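Chains as they are written, first to last, in numbering that gives the first Met the number 0: chain A, 0 to 90; chain B, 0 to 289; chain C, 0 to 256.
Rather than coming from a laboratory, the hints here were simulated on the basis of the structure.
In this text, all values refer to a predicted model and were calculated from it rather than measured experimentally.
Backbone N, C-alpha and C fix where the C-beta goes; we use that ideal spot for every residue, glycine too.
Fair warning: there could be bad hints in the mix.
Distance windows between CB atoms, simulated [to be verified]:
| # | chain 1 | residue 1 | chain 2 | residue 2 | range |
| --- | --- | --- | --- | --- | --- |
| 1 | A | Arg72 | C | Glu207 | 47 to 55 Å |
| 2 | C | Gly232 | B | Val198 | 39 to 47 Å |
| 3 | A | Pro76 | B | Glu285 | 46 to 54 Å |
Simulated pairs of lysine-lysine, DSS-like, Cα-Cα distance not exceeding 27 Å [said to hold, decoys possible]:
| # | chain 1 | residue 1 | chain 2 | residue 2 |
| --- | --- | --- | --- | --- |
| 4 | B | Lys203 | C | Lys154 |
| 5 | A | Lys82 | A | Lys67 |
| 6 | B | Lys8 | B | Lys203 |
| 7 | B | Lys76 | B | Lys284 |
| 8 | B | Lys249 | B | Lys180 |
| 9 | A | Lys67 | C | Lys10 |
| 10 | B | Lys180 | B | Lys23 |
| 11 | B | Lys23 | B | Lys71 |
| 12 | B | Lys252 | B | Lys139 |
| 13 | C | Lys178 | C | Lys154 |
| 14 | B | Lys203 | C | Lys10 |
| 15 | B | Lys64 | B | Lys76 |
| 16 | B | Lys207 | B | Lys139 |
| 17 | B | Lys180 | B | Lys137 |
| 18 | B | Lys76 | B | Lys20 |
| 19 | B | Lys252 | A | Lys47 |
| 20 | B | Lys137 | A | Lys47 |
| 21 | B | Lys76 | B | Lys249 |
| 22 | B | Lys20 | B | Lys71 |
| 23 | B | Lys249 | B | Lys233 |
| 24 | C | Lys114 | A | Lys67 |
| 25 | C | Lys10 | B | Lys207 |
| 26 | B | Lys243 | B | Lys8 |
| 27 | B | Lys284 | A | Lys47 |
| 28 | C | Lys53 | C | Lys10 |
| 29 | B | Lys76 | B | Lys139 |
| 30 | B | Lys137 | B | Lys233 |
| 31 | C | Lys123 | B | Lys203 |
| 32 | B | Lys207 | C | Lys123 |
| 33 | B | Lys207 | B | Lys23 |
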Amino acid sequence: MIANYGYKDGSGEYFIAVDTDLCNGCGDCVPRCPGGVFEIILNDYDEKVAAVTDAQRRKLKYSCAPCKPVSDRPVLPCVAACKPEAIRHSW
Amino acid sequence: MAQEFWRWKEYNWHDPNECWKNAKMLTAGVDVGSVSTQAVVMADGELCAFASMRTGSDSPDSARKAMEWALKDTDMKLEQIRYVVGTGYGRVNVPFAHRSITEIACHARGANFMYGSSVRTVLDMGGQDCKAIRCDEKGKVSAFLMNDKCAAGTGRGMEVFADLLSVPLQEIGDLSFQVEKEPPPVSSTCVVFAKTEAVGLLRKGWPKNDVLAAYCSAMAHRVYTLLERLGVEKDFGITGGIAKNSGVVKRLKNEMGLEPLTPRYDPQIAGAVGAALFGRTLALKEAPVQ
Amino acid sequence: MITVGIDMGAKTTKVAILRDGQVLARGLTPTGFDQQEAAEKALAEALGQAGLQKSDVARIFVTGVGRQQASFANGALTEVAADAKGSLLLNRDLRTVIDVGAEEGRAIKCTAEGKVADFAINEKCAAGAGSFVEAMSRALEVPLEKMGEMSLRSKNAVAMNAQCTVFAESEVVSLVHAKTPKEDIVRALHDAIANRIVSMARRVGVQETVGLIGGVAYNVGFVDALRRCLEVGSVWVPPEPEYVGAIGAAVAAAEAA
Numbered sequence: 000m001i002a003n004y005g006y007k008d009g010s011g012e013y014f015i016a017v018d019t020d021l022c023n024g025c026g027d028c029v030p031r032c033p034g035g036v037f038e039i040i041l042n043d044y045d046e047k048v049a050a051v052t053d054a055q056r057r058k059l060k061y062s063c064a065p066c067k068p069v070s071d072r073p074v075l076p077c078v079a080a081c082k083p084e085a086i087r088h089s090w
Numbered sequence: 000m001a002q003e004f005w006r007w008k009e010y011n012w013h014d015p016n017e018c019w020k021n022a023k024m025l026t027a028g029v030d031v032g033s034v035s036t037q038a039v040v041m042a043d044g045e046l047c048a049f050a051s052m053r054t055g056s057d058s059p060d061s062a063r064k065a066m067e068w069a070l071k072d073t074d075m076k077l078e079q080i081r082y083v084v085g086t087g088y089g090r091v092n093v094p095f096a097h098r099s100i101t102e103i104a105c106h107a108r109g110a111n112f113m114y115g116s117s118v119r120t121v122l123d124m125g126g127q128d129c130k131a132i133r134c135d136e137k138g139k140v141s142a143f144l145m146n147d148k149c150a151a152g153t154g155r156g157m158e159v160f161a162d163l164l165s166v167p168l169q170e171i172g173d174l175s176f177q178v179e180k181e182p183p184p185v186s187s188t189c190v191v192f193a194k195t196e197a198v199g200l201l202r203k204g205w206p207k208n209d210v211l212a213a214y215c216s217a218m219a220h221r222v223y224t225l226l227e228r229l230g231v232e233k234d235f236g237i238t239g240g241i242a243k244n245s246g247v248v249k250r251l252k253n254e255m256g257l258e259p260l261t262p263r264y265d266p267q268i269a270g271a272v273g274a275a276l277f278g279r280t281l282a283l284k285e286a287p288v289q
Numbered sequence: 000m001i002t003v004g005i006d007m008g009a010k011t012t013k014v015a016i017l018r019d020g021q022v023l024a025r026g027l028t029p030t031g032f033d034q035q036e037a038a039e040k041a042l043a044e045a046l047g048q049a050g051l052q053k054s055d056v057a058r059i060f061v062t063g064v065g066r067q068q069a070s071f072a073n074g075a076l077t078e079v080a081a082d083a084k085g086s087l088l089l090n091r092d093l094r095t096v097i098d099v100g101a102e103e104g105r106a107i108k109c110t111a112e113g114k115v116a117d118f119a120i121n122e123k124c125a126a127g128a129g130s131f132v133e134a135m136s137r138a139l140e141v142p143l144e145k146m147g148e149m150s151l152r153s154k155n156a157v158a159m160n161a162q163c164t165v166f167a168e169s170e171v172v173s174l175v176h177a178k179t180p181k182e183d184i185v186r187a188l189h190d191a192i193a194n195r196i197v198s199m200a201r202r203v204g205v206q207e208t209v210g211l212i213g214g215v216a217y218n219v220g221f222v223d224a225l226r227r228c229l230e231v232g233s234v235w236v237p238p239e240p241e242y243v244g245a246i247g248a249a250v251a252a253a254e255a256a
């Protein structure tokens, strides 16, 4: 299942997609994110997977801003931390 | 002041054949949304009663009231219900629920029931959020996207326009088609800026219906881009309050090139239906029925 | 040489008249629905103030969202470029300029020469611009000019969940019904928008001295919230912050010799 967390507003589309078929619930992304965007949950189908927290979901543009400077954007820490490559950013 | 224009019908219904009387197991789903609450009772996976009402200021209270109302004209008692699943915005606030399941999973399951197992893409536009869901033939979610940050495309966004133009919410759809020629959409998706734009259009002499059409057009397009992100696969079904707004639905249909399925029941109950069905599966897992 | 800069904004049109690096006069008018007309009106006001005729002006440059609509302009530049030029003319030490207008928020990293090194824009979403504060002032029934000072009187932090102006209006109304003091609500609102603006500013890298321009700079509560969020000692605000874009356009007009 592809879980897209985030939103689209007048200024753009900001979604973090977690592929729960690839995610193994290892939790490496959780501490690597400087903004505390991720948590590990037991979803509706009783799978232990990563998700974006409720608190951050609605301000993802701002939560992720520190890792997305206008110039010289580095590899995102959450994406780098995820060995199964289950995390993708839409912006 | 906006409340006057917000009047979805509040009602309850029960199966005239009283299918609960011979049921092996009764389950229920309660969907407490930001704007409306639905309670559904199912007998062996068949719909036997439900109620839909506006959510009050207290979620547990709304859940209880909706449940009572669903049972009211039947002789069922809450104690007879084997498993209750809570869902929705205030899903954690259904005190008599055995478990909570997210609205995403419940809407997918509910859509599968309401539209049939051919449904693969579900769009739900609620009072304060907008969800796009891809599911399989069993109603299991394969992809989803939820936006509850931005008011554009939600019932609340529509309410703002209904208020601005002094048009009852339920009339927006029909009025938006009473235009000479379909106008271009408003350029802002942001409700606040679209409102300013609308005022400008009215000043320029645009008739109200044209402004409505322009806004519905912009909303339909916005919602379409959300669906595009997941990829649209037929069959397509719409749930939630805005399913009743033909102004957005018809325009969306034109953009998608896909006719949405006609639901068996009021699309606003889809979440609660899905919850009740989850209840059945979970109860059967715990103790298979003889 | 006398040059004119016109900033054709979404809500207001501003004019600045410049001679040899000095601002001679200013003009401002609500943009309304005819941008060309608003520009002419504001220009007439500024010329009157300076005691000048249109013929005294060597060049007119325009900026702002409505700049395509000014038929009489000799040149145009982006708001970001205009903000940078105008800000540096008024304060040579600025290296980060934040402009919060009615419909857009911008963060600009400037060089010492007034050139744009980097910029980030928050546009088309009311929650990231001045419209947010205005909408909240209506929801709270507090005059816009009083919002700032009210927020400074707050004693308690209040959590705000809504990230959208429309939802925030409802949340604010609920808070008022729950008897939350308005000062605390207003403070929370200013903190919320300041946080959004700062988050955008950090994307270009915040370097002192930081300057705040645009109409929202009049809001002392916002300036305070911005300063706290940026974690700087002070944020520089010019005496008439909404004219900086127009001044920058006039600077560009002078440079175009």
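| message | Next pair to validate is Lys207 of chain B with Lys139 of chain B; report whether the Cα-Cα distance is within 27 Å. | response | The given pair, whose Cα atoms are some 42 Å apart, is violated under the 27 Å limit.
| request: Would you check the hint for Lys53 of chain C and Lys10 of chain C, treating anything up to 27 Å between C-alpha atoms as holding? | output: Holds, because 24 Å separates the two Cα atoms, which is no more than 27 Å.
| query | Does Lys203 of chain B lie within 27 Å of Lys8 of chain B when you go C-alpha to C-alpha? | reply | Violated, at roughly 36 Å.
| request: Mind checking the alpha carbons of Lys64 of chain B and Lys76 of chain B for me, to see if they're no more than 27 Å apart? | output: Holds, because 14 Å separates the two Cα atoms, which is no more than 27 Å.
| said: Against the 27 Å threshold, does the CA-CA distance of Lys76 of chain B and Lys249 of chain B hold or violate the hint? | reply: With Cα atoms ~41 Å apart, Lys76 of chain B and Lys249 of chain B exceed 27 Å; violated.
| Are Lys76 of chain B and Lys139 of chain B close enough, with their CA atoms no more than 27 Å apart? | 30 Å, violated
| task | Verify the proposed pairing of Lys20 of chain B with Lys71 of chain B, using a straight-line Cα cut of 27 Å. | result | 15 Å, holds
| query | Holds or violated: Lys243 of chain B with Lys8 of chain B, Cα cutoff 27 Å? | reply | At roughly 11 Å apart (the allowed maximum being 27 Å), Lys8 of chain B and Lys243 of chain B satisfy the hint.
| task | Take the C-alpha atoms of Lys203 of chain B and Lys154 of chain C, compute the straight-line distance between them, and say whether it is at most 27 Å. | result | Violated, at about 47 Å.
| field | Pairwise hint evaluation, Lys154 of chain C against Lys178 of chain C, where the allowed Cα distance is 27 Å at most | value | Cα-Cα ~15 Å, so holds.
| field | Pair hint Lys249 of chain B and Lys180 of chain B, alpha-carbon separation not exceeding 27 Å | value | Within the cut-off at roughly 15 Å; holds.
| field | Pair hint outcome, Lys284 of chain B versus Lys47 of chain A [Cα-Cα no greater than 27 Å] | value | The hint holds at about 19 Å.
Of the hints listed earlier, those the structure fails to meet are numbers 1, 3, 4, 6, 9, 10, 16, 17, 19, 21, 29 and 33, in rising order.
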